[in-house]
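A.B. asks: Here are the chains, one letter per residue:
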Amino acid sequence: MNAEHLEQLKKRHRYDEWSGGTEGQGSGASQVLRVPEDLLPQWRLHHADVLRQEGLPPMTQSIWTRGKDEALSVEIWECASTAAARELLLTLLGEFESPLVERITGPGSVGDVSFGQGEHMLLFARGNVVVQVRNAGRELVPVADPAREIDARLTRPTER
Amino acid sequence: MSVRLEAIKFNHDPTSAASDALNIRRNATQFVTVPEWQRGVSVNPEDSPAAYSMQDTQGQTITIKAQLRATDPEVKSLWIRAVDPTYEPAPGPGGCGCLAFLKWLIKLLARLLTGNVLGAVKRRKITFPAGGLTGFETFELKKVELHKAGVGVRTTVWRWQYSHKKYGPWTDFETTQHRIYTVVEIPKAPWTQTPYQASNTQLPWTEVLDYACKWALLAKDVDTAAGGVTRGVYDLGPGTITYDCPGSGSTHYSAGSFNCTRFIERLKGGMGNGVYVNCTDCATIVSTFANALGADLWQSRMGSFFGLNPMLGIGSAVWQPCCGWSSFSYHEVAWKGACTAAEEVFDACLQVDGDADPTAPPHTPLLPVNMQFGAAGAGLYRDRLATPPTRPICQPNPGTRQRRSVI
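Which chain is which? The protein sequence lines are A and B, in order. Going by the numbering used here, the first sequence opens with residue 1, and the numbers climb by one from there. Going by the numbering used here, the second sequence opens with residue 161, and the numbers climb by one from there.
It is worth saying that the hints were derived from the structure and are not from the lab. Any given hint might turn out to be false.
Subject to a maximum C-alpha distance of 25 Å in a straight line, what follows is the list of computed SDA-like cross-link-like pairs (lysine to any residue) [stated by the list, open to error]: (1) A:K11 - B:G475; (2) A:K10 - B:F465; (3) A:K68 - B:G475; (4) A:K10 - B:T560; (5) B:K282 - B:R199; (6) A:K68 - B:E425; (7) B:K374 - B:R551; (8) A:K68 - B:L427; (9) B:K428 - A:K11; (10) A:K11 - B:R284; (11) A:K10 - B:R199; (12) B:K428 - A:L140; (13) A:K10 - B:R551; (14) A:K11 - B:W485; (15) B:K236 - B:V304; (16) A:K11 - B:I286; (17) A:K68 - B:M431; (18) A:K11 - B:K236; (19) B:K428 - A:D49; (20) B:K428 - A:T60; (21) A:K68 - B:K374; (22) B:K236 - B:R319; (23) A:K10 - B:A358; (24) A:K10 - B:P552; (25) A:K68 - B:E334; (26) B:K302 - B:I286.
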């Protein structure tokens with residue numbers, strides 16, 4: 001992403017409003033990065049790949065299936081700090097071709113900061129962790145509930 | 161039987177692609193071991209794979225290396241050769257007329273599509289040492305048809321024969337089958353030929369060539385090959401992949417590296433990373449698969465936030481700006497050279513309107529294959545993709561040019 005595009009994204013998504021975060025809002029990320037099979041109790045873990053990308057924190061990409069045509073893609077990044085997680089969130093916002101991804105506030109929000117477009121995709125940060133939940137199957141399902149289940153796991157005290 | 165074939169090496173010189181096969185592997189985890197054909201191990205053609213570069217082998221004598229064993233201690237030397245059991249010479253001028261010629265032509269075409277492109281193994285005299293097992297002896301190939309045939313995945317069948325005398329009579333002693341990939345040039349990045357070792361996952365994968373060679377069948381130059389790959393990828397929609405409207409057009413296979421393993425799983429009918437792809441995925445798939453055939457494409461972006469003309473997104477039969485959105489925040493394609501307005505793009509993510517007015521019906525679907533990006537108003541890729549007022553902001557962004565490694 002070039003500097004001009006980055007600036008456009010900052011302005012478009014009002015980055016100043018959410019770029020800061022309280023350090024120590026951390027999470028049970030290491031528990032989640034290993035992708036326990038009960039992370040999403042109503043879904044079956046199809047596979048999980050740990051991906052190391054140059055210049056980015058390690059990421060786990062997992063695919064979950066339910067029924068014949070329902071599938072979810074869950075990606076989880078563990079950053080060095082909350083601030084780094086917010087920067088990554090901005091970078092990931094630049095990876096949507098759609099211009100309609102917006103910040104979610106109010107009751108629909110998940111994690112510390114979340115973004116989405118409609119009900120089939122959600123990107124959020126909780127502490128030093130960034131999570132993206134998307135549909136991967138033809139039968140579309142709302143992703144808010146699975147995203148909240150993951151967020152709950154991230155904030156569960158026993159997982160820390 | 162006086163003799164036995166023990167093994168054949170196709171890639172007998174890892175430092176050269178001129179007279180032997182390329183350095184390849186099967187996928188991210190499996191290496192292609194040399195000798196590719198081994199007695200008792202290689203049964204089907206796919207058990208013995210080899211890939212050749214048309215450009216590098218042109219005008220060269222291709223050789224293989226074979227190891228033989230004399231099973232009769234009385235035999236000190238033999239003439240050895242391998243013939244193509246499907247080969248038929250052209251009917252002579254005084255022959256059987258048009259029908260015979262037509263039959264021969266059909267058989268020849270069938271051979272070029274699916275058959276033996278390595279020709280035959282020239283006879284040579286082999287002297288057996290004490291114990292009967294030879295080293296890897298060099299054999300020259302003749303009637304090689306790699307260049308006539310073009311890109312493809314084909315099966316070479318050889319009937320191995322021996323004779324006590326130079327001109328026969330010949331006795332069959334073995335039949336071997338080999339899966340032969342023909343590419344235009346040595347594969348380009350992310351694919352490499354070095355270091356040639358099992359841990360190098362960026363050696364060209366036969367699992368990629370299986371699809372790339374099928375999509376670019378018969379191509380004899382890299383642009384035609386890349387075009388074939390672009391059409392092949394676009395035609396995967398909607399059955400195998402479709403544009404990621406539900407996920408706002410984000411990558412499912414190309415975050416950082418290209419998860420080629422999961423994409424191939426999808427191509428084979430499995431789950432992979434799911435049905436959805438975006439432009440980054442399409443650009444990465446096209447350039448990676450085309451570069452395996454010798455093309456020299458990049459993944460590069462244009463942007464940002466430009467309006468869209470009606471199009472057919474991959475997997476969609478509805479003419480509209482992608483997913484009904486008004487614009488793209490960015491777009492990524494497989495791109496030649498420096499990835500500027502002067503270079504050509506290959507876009508498997510969408511078909512543009514190819515007629516005089518790309519902004520309105522009627523629409524004429526046109527897959528952007530080797531289409532120059534162009535300046536605003538030039539009637540090229542940029543004008544077909546972006547709405548007239550936003551064409552000036554639909555700018556090539558060559559700073560994003562990259563080739564994702566494969567995993």
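A.B. asks: Between K10 (chain A) and P552 (chain B), is the straight-line Cα distance small enough, at 25 Å or below?
C.D. replies: 22 Å, holds
A.B. asks: Hint check: K428 (chain B) vs L140 (chain A), CA-CA at most 25 Å. Holds or violated?
C.D. replies: 23 Å, holds
A.B. asks: Hint check: K236 (chain B) vs V304 (chain B), CA-CA at most 25 Å. Holds or violated?
C.D. replies: Roughly 31 Å separates the two Cα atoms, so the pair is violated.
A.B. asks: Sort out whether W485 (chain B) lies within 25 Å of K11 (chain A), counting only the CA atoms.
C.D. replies: 20 Å, holds
A.B. asks: Holds or violated: K10 (chain A) with A358 (chain B), Cα cutoff 25 Å?
C.D. replies: 44 Å, violated
A.B. asks: Would you mind confirming whether the straight-line C-alpha gap from K68 (chain A) to E425 (chain B) stays at or under 25 Å?
C.D. replies: This hinted pair holds, its Cα atoms lying about 18 Å apart.
A.B. asks: Take the C-alpha atoms of K68 (chain A) and M431 (chain B), compute the straight-line distance between them, and say whether it is at most 25 Å.
C.D. replies: Answer holds: K68 (chain A) to M431 (chain B) is near 11 Å, not above 25 Å.
A.B. asks: Need the status of pair K282 (chain B), R199 (chain B): alpha-carbon distance at most 25 Å?
C.D. replies: Between K282 (chain B) and R199 (chain B) the Cα gap is close to 21 Å, so the pair holds against 25 Å.
A.B. asks: Keeping to a limit of 25 Å between CA atoms, is the pair of K68 (chain A) and L427 (chain B) held or broken?
C.D. replies: 18 Å, holds
A.B. asks: Hint check: K68 (chain A) vs K374 (chain B), CA-CA at most 25 Å. Holds or violated?
C.D. replies: 30 Å, violated
A.B. asks: Would the pair K68 (chain A) and G475 (chain B) pass a check requiring their Cα atoms to be no farther apart than 25 Å?
C.D. replies: 20 Å, holds
A.B. asks: Hey, K10 (chain A) versus R199 (chain B), does the alpha-carbon distance stay inside 25 Å?
C.D. replies: Violated. K10 (chain A) to R199 (chain B) sits at ~63 Å, over the 25 Å cutoff.
This entry does not satisfy hints 1, 7, 9, 10, 11, 15, 16, 18, 21, 23, 25, going by the numbered hints stated previously.
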